[in-house]
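Engineer: The residues making up each chain are set out below.
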Amino acid sequence: DSGVTQTPKHLITATGQRVTLRCSPRSGDLSVYWYQQSLDQGLQFLIHYYNGEERAKGNILERFSAQQFPDLHSELNLSSLELGDSALYFCASSPSGDSREQYFGPGTRLTVT
Amino acid sequence: AQSVTQPDIHITVSEGASLELRCNYSYGATPYLFWYVQSPGQGLQLLLKYFSGDTLVQGIKGFEAEFKRSQSSFNLRKPSVHWSDAAEYFCAVVAPGSARQLTFGSGTQLTVLP
Numbered sequence: 001d002s003g004v005t006q007t008p009k010h011l012i013t014a015t016g017q018r019v020t021l022r023c024s025p026r027s028g029d030l031s032v033y034w035y036q037q038s039l040d041q042g043l044q045f046l047i048h049y050y051n052g053e054e055r056a057k058g059n060i061l062e063r064f065s066a067q068q069f070p071d072l073h074s075e076l077n078l079s080s081l082e083l084g085d086s087a088l089y090f091c092a093s094s095p096s097g098d099s100r101e102q103y104f105g106p107g108t109r110l111t112v113t
Numbered sequence: 001a002q003s004v005t006q007p008d009i010h011i012t013v014s015e016g017a018s019l020e021l022r023c024n025y026s027y028g029a030t031p032y033l034f035w036y037v038q039s040p041g042q043g044l045q046l047l048l049k050y051f052s053g054d055t056l057v058q059g060i061k062g063f064e065a066e067f068k069r070s071q072s073s074f075n076l077r078k079p080s081v082h083w084s085d086a087a088e089y090f091c092a093v094v095a096p097g098s099a100r101q102l103t104f105g106s107g108t109q110l111t112v113l114p
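Chain order of the listed sequences is A and B. Under the working numbering, the first sequence has 92 at position 92, and the numbering climbs by one with no breaks. Under the working numbering, the second sequence has 33 at position 33, and the numbering climbs by one with no breaks.
Take these hints with a grain of salt, some might be off.
What the hints assert, rightly or not - Computed footprint of chain B on chain A, listed as stretches where at least three residues anywhere in the stretch have a Cβ under 8 Å from a Cβ of chain B:
{"id": "1", "stretch": "10–22"}
{"id": "2", "stretch": "53–61"}
{"id": "3", "stretch": "87–101"}
Unchecked claim - To give an idea of the chain A side of the interface with chain B (calculated C-beta under 7 Å), a few residues:
{"id": "4", "residue": "PHE104"}
{"id": "5", "residue": "PRO106"}
{"id": "6", "residue": "GLY107"}
Treat the hints as calculated values from the structure; they're not laboratory data. No residue lacks a Cβ here, since even glycine has one placed at the ideal position from N, Cα and C.
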């Protein structure tokens with residue numbers, strides 16, 4: 001158990017809908033990273049937040065957004081969902097914005113039908 | 001272009017046999033290097049990491065990896081594979097000067113025969 005929690009574990013929704021994925025980092029960690037794992041794209045970095053501020057963006061679609069709250073938990077919002085958004089979404093946390101190690105949560109499996 | 005490559009999509013070994021999973025990277029400077037394992041339906045578990053120093057690093061579950069600068073490689077090894085090692089293995093890097101996000105290889109699926 002890494003200490004990173006993600007909810008929900010599974011999510012099934014229809015095309016066009018909007019969902020929110022939640023991540024709670026390890027106690028004391030200030031950075032949260034979001035990654036997407038899909039069959040065709042593999043594991044891809046989406047976005048990094050450090051202490052409430054966006055630090056870096058990767059291959060994140062404009063339909064997706066994220067935020068990190070004062071209690072350091074983070075939410076990834078996915079809207080206008082398409083079949084291709086079906087994937088496993090991981091968050092990871094690290095102690096600072098400059099840490100070299102990340103600790104991964106168990107992931108949220110999103111299925112868009 | 002900067003990349004991390006795992007040339008083997010799928011490897012099959014017999015239980016008790018040795019294992020080597022390959023990883024090559026293409027960056028101007030040496031990145032930070034990691035190996036992660038993902039069991040079916042599970043998250044990513046860090047096996048080992050290399051930042052600097054001794055080029056042979058030991059990890060959990062009996063795994064080790066060797067950094068070879070001349071070959072831009074960071075291959076994962078285990079002397080004797082157990083059935084429970086069947087999983088997908090990912091090599092990952094943190095690029096020099098980046099915002100610390102991980103870039104993953106495409107993964108190697110390991111099957112262990114009894």
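Engineer: None of the hints should be skipped; say for each whether it holds.
Structural biologist: These are the hints, each one checked on the structure:
no.: 1; hint: 10–22; result: violated (count 0)
no.: 2; hint: 53–61; result: holds (count 3)
no.: 3; hint: 87–101; result: holds (count 8)
no.: 4; hint: PHE104; result: 4 Å, holds
no.: 5; hint: PRO106; result: 4 Å, holds
no.: 6; hint: GLY107; result: 5 Å, holds
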